[in-house]
Amino acid sequence: MTSAIEVRDLGKQFGSVRAVDELSFEVAEGRVTGFLGPNGSGKTTTLRMLLGLVSISAGAATFGGKRYGDLDHPIRHVGAALEATSFHPSRRAEDHLKTVALASGIPYSRVGETLELVGLADVARRRVGKFSLGMRQRLQLATALLGEPEILILDEPANGLDPQGIQWLRTFIRHQASLGHSVLVSSHLLSEMEETVDDVVIISQGRLVLQSTLADMAAQAGTGTGMRIRSPEINRLAEALNAVPVGWRQTAPDTLVIDGATPEWFGPFAAQHQIVLYELVNERGSLEDVFLRLTHGFDAANPMGPSSGQSAPFQQPPTQQSGGPS
Amino acid sequence: MIAGVRSEFLKIRTTAVPWVLAGVAVVLEGLVILGTFLGNRTSGGGYAVPSSTQELRNLLGAGFRGQGYLFALLLGALVITTEFRHKTVTTSFLVTPRRWAFVMAKLVTSALLGAVLALLLLVEALVGGGITLSARGGSFSGLVHQIPAVVPGMLLVFALFAVLGVGIGSILTNQVAAIVTCLGWFIIGEAILVNLVHSAYRWTPTGAGDAASNLTRGDRGGGTFAIFNWWQGTLLMLAYGLGFALIGSYILRRRDIT
Numbered sequence: 000m001t002s003a004i005e006v007r008d009l010g011k012q013f014g015s016v017r018a019v020d021e022l023s024f025e026v027a028e029g030r031v032t033g034f035l036g037p038n039g040s041g042k043t044t045t046l047r048m049l050l051g052l053v054s055i056s057a058g059a060a061t062f063g064g065k066r067y068g069d070l071d072h073p074i075r076h077v078g079a080a081l082e083a084t085s086f087h088p089s090r091r092a093e094d095h096l097k098t099v100a101l102a103s104g105i106p107y108s109r110v111g112e113t114l115e116l117v118g119l120a121d122v123a124r125r126r127v128g129k130f131s132l133g134m135r136q137r138l139q140l141a142t143a144l145l146g147e148p149e150i151l152i153l154d155e156p157a158n159g160l161d162p163q164g165i166q167w168l169r170t171f172i173r174h175q176a177s178l179g180h181s182v183l184v185s186s187h188l189l190s191e192m193e194e195t196v197d198d199v200v201i202i203s204q205g206r207l208v209l210q211s212t213l214a215d216m217a218a219q220a221g222t223g224t225g226m227r228i229r230s231p232e233i234n235r236l237a238e239a240l241n242a243v244p245v246g247w248r249q250t251a252p253d254t255l256v257i258d259g260a261t262p263e264w265f266g267p268f269a270a271q272h273q274i275v276l277y278e279l280v281n282e283r284g285s286l287e288d289v290f291l292r293l294t295h296g297f298d299a300a301n302p303m304g305p306s307s308g309q310s311a312p313f314q315q316p317p318t319q320q321s322g323g324p325s
Numbered sequence: 000m001i002a003g004v005r006s007e008f009l010k011i012r013t014t015a016v017p018w019v020l021a022g023v024a025v026v027l028e029g030l031v032i033l034g035t036f037l038g039n040r041t042s043g044g045g046y047a048v049p050s051s052t053q054e055l056r057n058l059l060g061a062g063f064r065g066q067g068y069l070f071a072l073l074l075g076a077l078v079i080t081t082e083f084r085h086k087t088v089t090t091s092f093l094v095t096p097r098r099w100a101f102v103m104a105k106l107v108t109s110a111l112l113g114a115v116l117a118l119l120l121l122v123e124a125l126v127g128g129g130i131t132l133s134a135r136g137g138s139f140s141g142l143v144h145q146i147p148a149v150v151p152g153m154l155l156v157f158a159l160f161a162v163l164g165v166g167i168g169s170i171l172t173n174q175v176a177a178i179v180t181c182l183g184w185f186i187i188g189e190a191i192l193v194n195l196v197h198s199a200y201r202w203t204p205t206g207a208g209d210a211a212s213n214l215t216r217g218d219r220g221g222g223t224f225a226i227f228n229w230w231q232g233t234l235l236m237l238a239y240g241l242g243f244a245l246i247g248s249y250i251l252r253r254r255d256i257t
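The listed protein sequences derive, respectively, from chains A and B.
For what it's worth, numbering that gives the first Met the number 0 labels the leading residue of the first sequence as 0, then goes sequentially.
For what it's worth, numbering that gives the first Met the number 0 labels the leading residue of the second sequence as 0, then goes sequentially.
Calculated from the structure, these hints are not laboratory results.
Predicted, not measured: the structure shown is a model, and the values here were computed from it.
Virtual Cβ for every residue (Gly too), placed ideally from N, Cα, C.
Possibly wrong hints are sitting among the right ones.
To be verified - Cβ pair distances, simulated, as ranges:
#1 A:G111 <-> B:N194: 55 to 63 Å
#2 B:H144 <-> A:E112: 49 to 57 Å
#3 A:S131 <-> B:G22: 25 to 33 Å
#4 B:R252 <-> A:T254: 37 to 45 Å
Said to hold, decoys possible - Below, computed lysine to any residue pairings styled on SDA-like, alpha-carbon distance capped at 20 Å:
#5 B:K86 <-> B:F8
#6 B:K86 <-> A:V127
#7 B:K86 <-> A:L178
As the list claims (entries may be wrong) - Reference listing, derived: stretches of chain A covered by chain B, where coverage requires no fewer than 3 residues with Cβ under 8 Å from a Cβ of chain B:
#8 49 to 58
#9 86 to 98
Can you build the whole structure from these sequences, using the hints too?
In structure tokens:
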């Protein structure tokens, strides 16, 4: 698979702070890659280095082997939506797009098209200062799409969007991928992106924690799924469970979690042992657990960096990273 | 480059500040015109019709002599600093990653805008002056004859000051800092310097601009100071404007846009 974006041993030093450290990853062509990490983990800095806005202290960040600044009319190849504040408040939405189009030799017809695409056609003549945060996000997307780029870079595009907006954004991103475009989209919430991305790149404190397909990550996370049971007869339940080959752990005085269990199995099981149940919950979404585990206790639990045990099963051979002070 | 300049023009056209600035310049020019005519009382109490070459020249050049060039300077400074104030520079650098090209487009655009502003003020001086002159029995043709002598110099000077504004703004990207520096220097700093060292006048931007404008008088604060000839003044102004822009581009090239 060819890469749309390549990041190699990227580093950024702000004074004494190492914001990004030996970060390497690739964004595969025609796929949606989620760029995930907690706030302050270096996502925005990395994206801005990719786009030539922030100078690179070490390593390289390229699009098909070329730096952003070396692309001819870059916004026709790489569309970026970075932050919702960078508009002149007294300029009209339409005029904002026209200034961008004019500078890059993009026909004005694209202005109307993109405004239509992001649902801002009705407010094209309105001044951006009167826009809500969500509308600004959409205008950012319109700016990114103006040059019909084959690569899209979106920095926290879900910020400021209402639930309908987020749903719309997901559809929009999937649609871009269906056109064969490559998308790198950052977020501090995996749950926001879970239904949208094909691959994940997770960073923490400026370092790569994991690069994997979402499917691989889900498979790994799947081992942690199961059922959460609350019962006044927790001890009897534990005894019963010990008699069968399942893993379980107690999470509260009256609650335990059974690994890999399904309601179809557990319902009859509980009935058979005549155990009273207060609550029976199918545990899901533990992708988020994996994400949190990877990004939080990173330094403490995994001092050897991403090449050590915890994340090793996720490594994809072609993108073997070199992050971490190993 | 042409695309970049056209985009810059659209940027400027679609925001309010340049229009407000031009509006203020036009109003002030109107006051200068009125002052030139109404304030020109003879000893007998009547009004003298300005007729000498110098008076007419001063009238046409009122935008300059009334320090209208300061508006060109501010225009240049605003055109670049507004990008940083509203963070539109992020988009601008995404569109034009070569930062010197961004500064270059600003320089060219501002120079042209400066000339347009000069033209606007000249037309106002001609129309306003013509009406006032005719109303008081003066000769309009005398005014018209001054146009070739005054207009090119004035367009040049306004353009040069706009370039200087961009140069200053490319270094002081903070809008308030840039404006305070511009006004501080041209209203206070220069006056103090020239009062202390008369011969420094020809080296100041105002002195150089004065020379470039081909206006023969170099008076400031009552005294008359020596100035360079017009092409020396032009080169000096360009050296200031482009020199600052070069320094600004160098700083910008290394600057992180976060």
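Status of the hints after comparison with the structure:
Restraint check, G111 (chain A) to N194 (chain B): a C-beta distance of roughly 59 Å satisfies the suggested window 55 to 63 Å. Between H144 (chain B) and E112 (chain A), the C-beta spacing of about 55 Å keeps the proposed range 49 to 57 Å intact. The given range of 25 to 33 Å is respected by S131 (chain A) and G22 (chain B), whose C-beta atoms sit roughly 31 Å from each other. R252 (chain B) and T254 (chain A) have their C-beta atoms about 60 Å apart, which leaves the hinted 37 to 45 Å range violated.
Annotation: proposed proximity of K86 (chain B) to F8 (chain B) holds, straight-line Cα distance about 18 Å (limit 20 Å). Of the supplied pair hints, the one linking K86 (chain B) and V127 (chain A) holds, its CA atoms being roughly 13 Å apart against a limit of 20 Å. For a cut-off of 20 Å, the pair hint linking K86 (chain B) to L178 (chain A) is broken: about 31 Å separates their Cα positions. With a threshold of 8 Å between beta carbons, the proposed coverage of the segment 49 to 58 of chain A by chain B holds, since 5 of its residues qualify and at least three are required.
Only residues whose beta carbon comes within less than 8 Å of a beta carbon in chain B count, and the segment 86 to 98 of chain A has 10; three or more means the coverage holds.
Of the numbered hints listed earlier, those contradicted by the structure are 4 and 7.
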